[in-house]
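Trainee: Each chain, written out:
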Amino acid sequence: MSNSKILANGVDVYYGSKQALFGISMDIKEKEVTALIGPSGCGKSTFLRCINRMNDLIEICKVSGSIKVDNEEIISEKTDVVSLRSKIGMVFQKPNPFPKSIFDNVAYGPTIHGLVDSKNELEEIVHSSLKKAGLFDEVKDRLNEPGTSLSGGQQQRLCIARAIAVNPEIILMDEPCSALDPIATAIIEELIDELRLNYTIIIVTHSMQQAARVSQKTCFFHLGELIETGETNKIFTNPDNTKTQDYITGRFG
Amino acid sequence: MFFWSLVLIAVGIFSSFIYGRSRIKLNSKKQGTKSKSLPNYYAQYVLMWCLFPALIVYFSWAIFQEQIIQNIVISNFEFIEGAVYNEGLLLAEIRNVANNPSFADGKSIEIINAASHYSSLRQISQISFYTSIIIIMLLGALYASQKLKPEFHAQHTIEKYIQYVLIFCSSVAIFTTIGIVFSLIFESLRFFAEVSIFEFLFSTEWYPFIPIREGQTAAEGSFGAVPIFAGTFLVMVVAMCVAVPLGLLTAIYLAEYASQRVRKIVKPLLEILAGIPTIVYGFFAFVSVAPFVKAFGQSIGIDASPTSALAAGMVMGVMIIPFISSLSDDVINSVPQSLREASLGIGANKAETIKKVILPAALPGIVGAFLLAISRAIGETMIVVVAAGTAPNLTGNPFENVTTVTVQIVVALIGDQEFDNPRTLSAFALGLVLFVITLFLNIIALQIVKRYRERYE
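Here the protein sequences line up with chains F and E, keeping their order.
Read left to right, the first sequence gives residues -17 to 235 (the working numbering).
Read left to right, the second sequence gives residues -2 to 454 (the working numbering).
Simulated from the structure, these hints should not be mistaken for laboratory data.
Hints may be right or wrong, so weigh each one.
Claimed, not checked - Below, a list of computed lysine-lysine pairs in the BS3-like style, where the Cα atoms sit at most 27 Å apart:
#	chain 1	residue 1	chain 2	residue 2
1	E	Lys144	F	Lys82
2	F	Lys101	E	Lys353
3	F	Lys82	E	Lys352
4	F	Lys69	E	Lys353
5	F	Lys13	F	Lys82
6	F	Lys60	E	Lys347
7	E	Lys157	E	Lys146
8	E	Lys353	F	Lys76
9	F	Lys(-13)	F	Lys11
10	F	Lys82	E	Lys347
11	F	Lys50	E	Lys31
12	F	Lys76	E	Lys447
13	E	Lys31	E	Lys146
14	E	Lys353	F	Lys114
15	F	Lys113	E	Lys31
16	E	Lys347	F	Lys44
17	F	Lys69	E	Lys347
18	F	Lys60	E	Lys352
19	E	Lys146	F	Lys0
20	E	Lys347	F	Lys76
21	F	Lys60	F	Lys82
22	F	Lys44	F	Lys82
23	F	Lys101	E	Lys347
24	E	Lys447	F	Lys101
25	F	Lys44	E	Lys261
26	E	Lys31	F	Lys82
27	F	Lys76	E	Lys157
28	E	Lys353	F	Lys122
29	E	Lys157	E	Lys261
30	E	Lys157	E	Lys31
31	E	Lys264	E	Lys157
32	F	Lys69	E	Lys352
33	F	Lys(-13)	F	Lys101
34	F	Lys0	F	Lys50
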């Protein structure tokens, strides 16, 4: 397939003098779910946060190498970070709704990007985003209540709705289910499966079952290096690398 | 006298400690068992029993001795029939003669007698003071030493005693506060007995002069505090107009834009501003800012007075900038990083994130900071004394002289009048009002800050 959405080449990341990622190269296809797995501190979240330049927030973090999104270099001084981030949504480990109403949480993105001209249009976007995130039916009667009043799983779906409200092409998920119970996790996983039809999704996860369930491609990170990448089925049944084998069978990590 | 008694107590402490330590070692050796606590705890136990009773005796002597001696002297004084005595003057005279025999020349025989009576009483008091301290210390040590047995849990007892000491220390501050509040209330009641509370709170004439001598033709004073509250309010508003934008923007810069290095340097520097004595701000206001305000007023055709609400308020604003910036900076910093990431992750830029996410989330805490700053501003004295003037004008014009509650308190207490007329008593009433206002502001502010903290922790 030639429709590669994200193309990383030789990405190095340093936190101060400590190197966190070593020459990561990766090819992520459009409208697929790619799972990044690996033990804690292996750099998978760091890599994820390179894709939407979230590492800029960390003063001591230096990124070098090349990442192309839709054939456009994003590791560059000239990159328009704001438009990059509106194209790449992100869902975080801990649900982080704004201390605003449910409606305003979702309306935040469209409003600041000027995507809507009228109140009706805004309402439409909010409703459709909530529907896509599978939350609308649960909250349609209380859109004015604070987002923080929802349960953890609902909050996380609210954050997904908030991310897709600006119509991104890529969604980054940084352990989206690690703070949730199994039922909420199952709902989110189902949602990811649906979202795959319209979005390119990269998900960092600690749960190998989750990676196996939701992803088509899996990348295994270890100590800042990309050890193996391939079809999820293959990685979990017949990996090429013994380290991958050891990790997925639970011998370390 | 009291110096040597302190030496005496110190000796007692030292020897009781040594005694307790060696005694418990001896006792446990005799019984052949190990003591329940370390020897030092037994030593401390003896020490406490030696020290605290002695301190109680010491302080009660220090407080009551003079009073008791004076009472005895006065009650034994041979008053001459028909003569008028002022007790305070009489006592002063007796004390003078007693302390310095050369003053005895030309004094009446009654006074000389009383003076020698006074001296002898003092001597008796001193001797009995030393003996009672020694006896009390010995008794305490004796009581404690009976308990010096290996099976006695000295450590538990010591911890209990230490708790009592801590409770005592913290209650000193609390009781002092309560005492101050009550004295404010009682003196204010005396004031309101002479001036009606409605006049005080609602009348607009502040003319706190009263005839000092009988028959003096000075007008009756009037005590309408409205112009004073208005002046306080005006100065406070000017101060907040300066401090809120500057302080808040400083906080935003420090919390969101400044690099760690800049922050580390700038924040302490700002906090130094809070350490400048307010009188220094005061003469800065008077010498530099007030003339500038006057000149500025003239240049735009307003007749500004040499001291003005504007000058005082502006400098006061500068003074409270660190309050607002430092507190707001803390509040903004405690907004979780995840909210910043959420906003930036959607593609909001920094300004949008601050305006729409950070500030709304931090707002309760920031309002709390403002309220604390306001209560600081209306309680501030030295700047307004020097730079705002003392004229009780009821005006909204910041170029005019105004006066504030704190200034009027200072004015009322300057001079050597006794606290028995409305002029001086008005200080207490004003103080009470000030206290009530700042108390409420502080309570509201702390409540807001607290509620906000609970939300994010």
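Trainee: Take the hints in turn and mark each one as holding or not.
Mentor: Hint check:
1. E:Lys144 - F:Lys82: Measuring from Cα to Cα gives roughly 66 Å; hence the hint is violated.
2. F:Lys101 - E:Lys353: holds (18 Å)
3. F:Lys82 - E:Lys352: holds (13 Å)
4. F:Lys69 - E:Lys353: holds (20 Å)
5. F:Lys13 - F:Lys82: Measuring from Cα to Cα gives roughly 32 Å; hence the hint is violated.
6. F:Lys60 - E:Lys347: Within the cut-off at roughly 17 Å; holds.
7. E:Lys157 - E:Lys146: Since the Cα atoms of E:Lys157 and E:Lys146 sit roughly 18 Å apart, the hinted pair holds (cutoff 27 Å).
8. E:Lys353 - F:Lys76: The hint holds at about 21 Å.
9. F:Lys(-13) - F:Lys11: The given pair, whose Cα atoms are some 5 Å apart, holds under the 27 Å limit.
10. F:Lys82 - E:Lys347: Holds. F:Lys82 to E:Lys347 sits at ~18 Å (cutoff 27 Å).
11. F:Lys50 - E:Lys31: violated (77 Å)
12. F:Lys76 - E:Lys447: holds (24 Å)
13. E:Lys31 - E:Lys146: holds (10 Å)
14. E:Lys353 - F:Lys114: Given pair E:Lys353, F:Lys114 holds - Cα atoms ~25 Å apart, limit 27 Å.
15. F:Lys113 - E:Lys31: violated (76 Å)
16. E:Lys347 - F:Lys44: holds (20 Å)
17. F:Lys69 - E:Lys347: Between F:Lys69 and E:Lys347 the Cα gap is close to 17 Å, so the pair holds against 27 Å.
18. F:Lys60 - E:Lys352: holds (25 Å)
19. E:Lys146 - F:Lys0: violated (62 Å)
20. E:Lys347 - F:Lys76: holds (22 Å)
21. F:Lys60 - F:Lys82: Answer violated: F:Lys60 to F:Lys82 is near 33 Å, above 27 Å.
22. F:Lys44 - F:Lys82: violated (34 Å)
23. F:Lys101 - E:Lys347: Holds: F:Lys101 and E:Lys347 sit about 25 Å apart, inside 27 Å.
24. E:Lys447 - F:Lys101: violated (36 Å)
25. F:Lys44 - E:Lys261: Holds, because 22 Å separates the two Cα atoms, which is no more than 27 Å.
26. E:Lys31 - F:Lys82: Violated: E:Lys31 and F:Lys82 sit about 66 Å apart, past 27 Å.
27. F:Lys76 - E:Lys157: The given pair, whose Cα atoms are some 46 Å apart, is violated under the 27 Å limit.
28. E:Lys353 - F:Lys122: holds (24 Å)
29. E:Lys157 - E:Lys261: Violated, because 43 Å separates the two Cα atoms, which is more than 27 Å.
30. E:Lys157 - E:Lys31: Given that 27 Å is the threshold and the Cα spacing comes to 22 Å, the pair holds.
31. E:Lys264 - E:Lys157: violated (42 Å)
32. F:Lys69 - E:Lys352: holds (22 Å)
33. F:Lys(-13) - F:Lys101: violated (34 Å)
34. F:Lys0 - F:Lys50: holds (25 Å)
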